Amino acid sequence: MMKQLSQRLFGPLTLVAMGVTLVLGLWVVPPDQVQGELARLVYIHPSVAWVALYVSFGTAAIASALYLWKRTRSDVMDRVANCAMEVSVVFIALTLITGSIWGRPAWGVWWVWDARLTSSAILGVLALGYLALRRANDDVQLRARRSAVFAVLVAINVPIIHFSVQWWKTLHQGATVFNSNRHLLIHGLQAWTLLISFIAFTMLFFWLLRYRYRLEVQRENLAGASVEEALSARRREGAQS
Amino acid sequence: MFFQSGGEDDVSVTDAPNGLSPVAPPATKKRNRRRSIGVVAVLLLAIVALLSQGVFHSLNFFETVDQVLAKRATFGTQTMHLEGVVKPGSIVRTSSGASFYVTGSKGEVFVTSKGTPPQLFQDNIPVVVVGSFTTKTSMNFAGTQIMVKHTASYIAKNPKRVKASNGSVR
Numbered sequence: 001m002m003k004q005l006s007q008r009l010f011g012p013l014t015l016v017a018m019g020v021t022l023v024l025g026l027w028v029v030p031p032d033q034v035q036g037e038l039a040r041l042v043y044i045h046p047s048v049a050w051v052a053l054y055v056s057f058g059t060a061a062i063a064s065a066l067y068l069w070k071r072t073r074s075d076v077m078d079r080v081a082n083c084a085m086e087v088s089v090v091f092i093a094l095t096l097i098t099g100s101i102w103g104r105p106a107w108g109v110w111w112v113w114d115a116r117l118t119s120s121a122i123l124g125v126l127a128l129g130y131l132a133l134r135r136a137n138d139d140v141q142l143r144a145r146r147s148a149v150f151a152v153l154v155a156i157n158v159p160i161i162h163f164s165v166q167w168w169k170t171l172h173q174g175a176t177v178f179n180s181n182r183h184l185l186i187h188g189l190q191a192w193t194l195l196i197s198f199i200a201f202t203m204l205f206f207w208l209l210r211y212r213y214r215l216e217v218q219r220e221n222l223a224g225a226s227v228e229e230a231l232s233a234r235r236r237e238g239a240q241s
Numbered sequence: 242m243f244f245q246s247g248g249e250d251d252v253s254v255t256d257a258p259n260g261l262s263p264v265a266p267p268a269t270k271k272r273n274r275r276r277s278i279g280v281v282a283v284l285l286l287a288i289v290a291l292l293s294q295g296v297f298h299s300l301n302f303f304e305t306v307d308q309v310l311a312k313r314a315t316f317g318t319q320t321m322h323l324e325g326v327v328k329p330g331s332i333v334r335t336s337s338g339a340s341f342y343v344t345g346s347k348g349e350v351f352v353t354s355k356g357t358p359p360q361l362f363q364d365n366i367p368v369v370v371v372g373s374f375t376t377k378t379s380m381n382f383a384g385t386q387i388m389v390k391h392t393a394s395y396i397a398k399n400p401k402r403v404k405a406s407n408g409s410v411r
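Each protein sequence line maps, in turn, to chains A and B. In terms of our numbering, the first sequence opens at residue 1 and continues consecutively. In terms of our numbering, the second sequence opens at residue 242 and continues consecutively.
Hint data in this document are derived by calculation from the structure and do not stem from the laboratory. There could be a bad hint or two in this list.
Using 20 Å as the maximum straight-line C-alpha spacing, the simulated EDC-like pairs for lysine to aspartate or glutamate come out as follows [as the list claims (entries may be wrong)]:
1. B/Lys270 to A/Asp32
2. B/Lys271 to A/Glu37
3. B/Lys398 to A/Asp138
4. B/Lys328 to B/Glu349
5. B/Lys270 to A/Glu37
6. B/Lys398 to B/Asp364
7. B/Lys377 to B/Asp364
8. A/Lys70 to A/Asp139
9. B/Lys271 to A/Asp138
10. B/Lys271 to B/Asp307
11. A/Lys3 to B/Asp307
12. B/Lys355 to B/Asp307
13. B/Lys398 to A/Asp32
14. B/Lys312 to B/Asp364
15. B/Lys377 to B/Asp307
16. B/Lys347 to B/Asp364
17. B/Lys270 to B/Asp307
Far from chain A, by Cβ distances over 10 Å, these chain B residues were calculated [claimed, not checked]:
18. Ala287
19. Val326
20. Lys355
Heads up, incomplete: computed chain A residues facing chain B, CB under 10 Å, no partners named [unchecked claim]:
21. Leu68
22. Thr72
23. Trp113
24. Ile122
25. Leu133
26. His162
27. Val165
Since the structure is predicted, the reported quantities are computational estimates derived from the model, not experimental observations. Using N, Cα and C, we set each Cβ at its ideal position, and we do this for glycine too.
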């Protein structure tokens, strides 16, 4: 009962969280002292990047690791990894697009090849590679195993992206929240709006994942039904001849 | 007819006169391996292409004013990315761009840059200037592009905010 209620409420709650982020970010929070109105992108870009890197890619990598571990191996893990990676591709693309939109007026350029931006672009290529690898394998077990190994191996790029602004000199700013000295560089209403945006986009990810997973189950059921139907039709053909 | 696997070249199907003979499983293992290797090869090429755009040359996007001043001779007149903070009051807008000083903790470099500076270009803001020194020993830097490197700090504009005794406005 409670589970059903929470499942039903999750979508509307996500919508409310997104709406609150939008209203606070666009109208309520004052502009920034240095960046002025441009700083309003701080309520979108970092949250989208958070979901792209840690939540969605992380979910795909963890589900893949759980698939590779014999005790937790199941089709569910393979499906979660696949669906999370598909959603991750969308969020990585959004991260790169919103970053470019912010970069043009703030930095003066749409794109630079610094360590943060390059490693983020590589993550996008790797996520697309994961999906390509899945489609390259017809055998279900082989596909699950190969893609799981691939996801776990390429997840090494996530900490590289995270620490790139500390390890190397980049045009991209350093971390405002998750920095090495644990010193928050944003305060008051700006910080609260940022927190709400992180929650809202995380909820959006899980909402999308849930529906993508459901779609995948239905697709598999349909494929299974097609095989059954094909077998029945073949049996009928045999009986007639 | 229901067991065809998409008409691939290496899929073998036993001839079945009556259509009921057992059908040989398609030779998917070899094809899967070939496709997987193909995907990984394309991925590697794409990653190398991305890295070759700059990170292969140097993982660091710029050299700071202090680094350049410490090893001025090694940079000569080569094209580089110079980073420093715009010295307050030094900006002079010209018809072709702007001139200003970028400072580090150990000195400063005079920059003359062509082109329109970015929207956030102002006093006291960190910038990265693409360009080169005019001569091998000169401290005048001829820039072709200015990029603003804003900090990770965010402070809301609030004219009614009270300043603390230590100067903090947060």
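Results of checking the hints against the structure:
A C-alpha spacing of about 58 Å is found between B/Lys270 and A/Asp32, which places the hinted pair above 20 Å, so the restraint is violated. Simply put, B/Lys271 and A/Glu37 have alpha-carbon atoms about 57 Å apart, too far for the 20 Å limit, and the pair is violated. Between B/Lys398 and A/Asp138 the CA atoms are separated by roughly 57 Å; this puts the pair beyond 20 Å, and the hint is violated. Note on B/Lys328 and B/Glu349: the hinted pairing holds, with a Cα-Cα distance of about 8 Å set against a maximum of 20 Å.
About 56 Å separates the Cα atoms of B/Lys270 and A/Glu37, which puts this hinted pair outside 20 Å; it is violated. In summary, the hint linking B/Lys398 to B/Asp364 is supported, as the alpha carbons are separated by about 18 Å, within the 20 Å threshold. Between the alpha carbons of B/Lys377 and B/Asp364 the distance comes to roughly 28 Å, so the proposed pair goes past 20 Å and is violated. The suggested pairing of A/Lys70 with A/Asp139 holds, with an alpha-carbon distance near 19 Å, which does not exceed 20 Å.
For the suggested pair B/Lys271 and A/Asp138, the alpha carbons sit about 11 Å apart, so the restraint of at most 20 Å is met. Distance hint between B/Lys271 and B/Asp307 is unfulfilled; the C-alpha atoms sit about 58 Å from each other, more than 20 Å. Distance hint between A/Lys3 and B/Asp307 is unfulfilled; the C-alpha atoms sit about 60 Å from each other, more than 20 Å. Using a Cα cut-off of 20 Å, the hinted pair B/Lys355 and B/Asp307 is violated, with the two alpha carbons roughly 23 Å apart.
Only pairs whose Cα atoms come within 20 Å are accepted, and B/Lys398 paired with A/Asp32 is accepted, the gap being roughly 5 Å. Between the alpha carbons of B/Lys312 and B/Asp364 the distance comes to roughly 26 Å, so the proposed pair goes past 20 Å and is violated. Note on B/Lys377 and B/Asp307: the hinted pairing holds, with a Cα-Cα distance of about 17 Å set against a maximum of 20 Å. A hinted pair counts as satisfied when its Cα atoms are at most 20 Å apart, and B/Lys347 with B/Asp364 qualifies at roughly 18 Å.
Proximity of B/Lys270 to B/Asp307 is assessed by CA-CA distance (about 59 Å); at most 20 Å being required, the pair is judged violated. The Cβ of B/Ala287 does not lie farther than 10 Å from every Cβ of chain A; its closest approach is about 5 Å, which violates its non-interface assignment. Listed as a non-interface residue, B/Val326 keeps its Cβ farther than 10 Å from every Cβ of chain A; the least gap is roughly 13 Å. For B/Lys355, the requirement that its beta carbon stay farther than 10 Å from each beta carbon of chain A is met, with the minimum near 13 Å.
Interface hint status for A/Leu68: violated, as the beta-carbon distance to the closest one in chain B is roughly 17 Å, over 10 Å. A hinted interface residue such as A/Thr72 counts as satisfied when its beta carbon comes closer than 10 Å to some beta carbon of chain B; here the least separation is about 24 Å, so the hint is violated. Contact between A/Trp113 and chain B, as hinted, is supported at the beta carbon level, the nearest pair being about 3 Å apart and thus within 10 Å. Because the smallest distance between the Cβ of A/Ile122 and any Cβ of chain B comes to about 6 Å, under 10 Å, the interface hint for this residue holds.
Because the beta carbon of A/Leu133 sits about 5 Å from the nearest beta carbon in chain B, less than 10 Å, this interface hint is met. The beta carbon of A/His162 is not positioned within 10 Å of any beta carbon in chain B (closest approach about 14 Å), and the interface hint is therefore violated. Among the interface hints, the one on A/Val165 holds; its C-beta lies about 8 Å from the nearest C-beta in chain B, closer than the 10 Å criterion.
Violation of the numbered hints given earlier is confined to hints 1, 2, 3, 5, 7, 10, 11, 12, 14, 17, 18, 21, 22, 26; the remaining hints are satisfied by the structure.
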